Amino acid sequence: MTADGVTEETAKALRAAMQRLFAGKPQRTDGRLTKQNLWREAGVSRATMNRAHTVLAEWDAHLAQHGSATPGEARRDEEICELKRKLAEKTRQCTTLQRRLDAAATAIAALHHDNTLLRQEVAASGGRVIPLHRPRDPADDDSH
Numbered sequence: 401m402t403a404d405g406v407t408e409e410t411a412k413a414l415r416a417a418m419q420r421l422f423a424g425k426p427q428r429t430d431g432r433l434t435k436q437n438l439w440r441e442a443g444v445s446r447a448t449m450n451r452a453h454t455v456l457a458e459w460d461a462h463l464a465q466h467g468s469a470t471p472g473e474a475r476r477d478e479e480i481c482e483l484k485r486k487l488a489e490k491t492r493q494c495t496t497l498q499r500r501l502d503a504a505a506t507a508i509a510a511l512h513h514d515n516t517l518l519r520q521e522v523a524a525s526g527g528r529v530i531p532l533h534r535p536r537d538p539a540d541d542d543s544h
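Residue 401 is where the sequence shown starts when you use my numbering, and the numbers rise one by one after that.
It should be emphasised that the hints constitute simulated quantities derived from the structure, not laboratory data. Please read all numbers here as calculations on a predicted model, not as lab measurements. Check before you lean on any hint, since a few could be wrong.
As the list claims (entries may be wrong) - Taking lysine-lysine pairs in the DSS-like style, the calculated list, with each CA pair at most 25 Å apart, reads:
1. K412 with K435
2. K412 with K425
3. K435 with K425
Stated by the list, open to error - Quick list of simulated restraints, FRET-style, between CB atoms:
4. P531 with E489: 50 to 58 Å
5. I480 with A504: 29 to 37 Å
6. A457 with K484: 34 to 42 Å
7. H513 with R485: 39 to 47 Å
8. I508 with H466: 54 to 62 Å
9. E458 with R499: 53 to 61 Å
10. F422 with I480: 17 to 25 Å
11. Q419 with R451: 19 to 27 Å
12. D404 with R485: 42 to 50 Å
13. E479 with Q419: 20 to 28 Å
Glycine residues also receive a C-beta, built at the ideal position from the N, C-alpha and C atoms.
Could you put together the complete structure from these sequences and hints?
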C-alpha cells in the first residue's frame, strides 16, 4: 500500500496509463487527456483513482506544464494554424486578383464604348478614310 491508500499495483497501473496517454498511445480510450480516460486506461475504478492523490498530483502537474492536448491534437492544431495562415494568404491573393480583374473589366468596357463611338462616327461620315500622311510618290524615291 502507498501512503494514499492504494496498492502499488494500482499506482503502477495509473502511472503506466498516464505515460500511454501522454505519449498519445492509448490502449483502452480515445486518448484525450482526461481523468475519466486515466482511470479507464489504467483499468481501475474512478474511486480508486481518486484515492491515488500522489498520482493525481503528478497528472495535474504534467497537464499544467504541457497542456491538455495530446501529441496528435497538438499536431492537428499546428496543422490547422498553418492551413489558416495559407488560407489567409490565398484570400489576400484572390482579393488582389479580383481588384485587378475589376480594373481590367472597367478599362475594357471604356475602350469598347470608345470603339463603338468611333465606329458610329466613321459610319456617319460616309465611311471615308482620310489619310494622315500624304501618299508617297514613287518619283521621290528616284531622286535619292
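May I ask which of the numbered hints given earlier this structure violates, with the numbers listed in increasing order? Failing hints: none at all.
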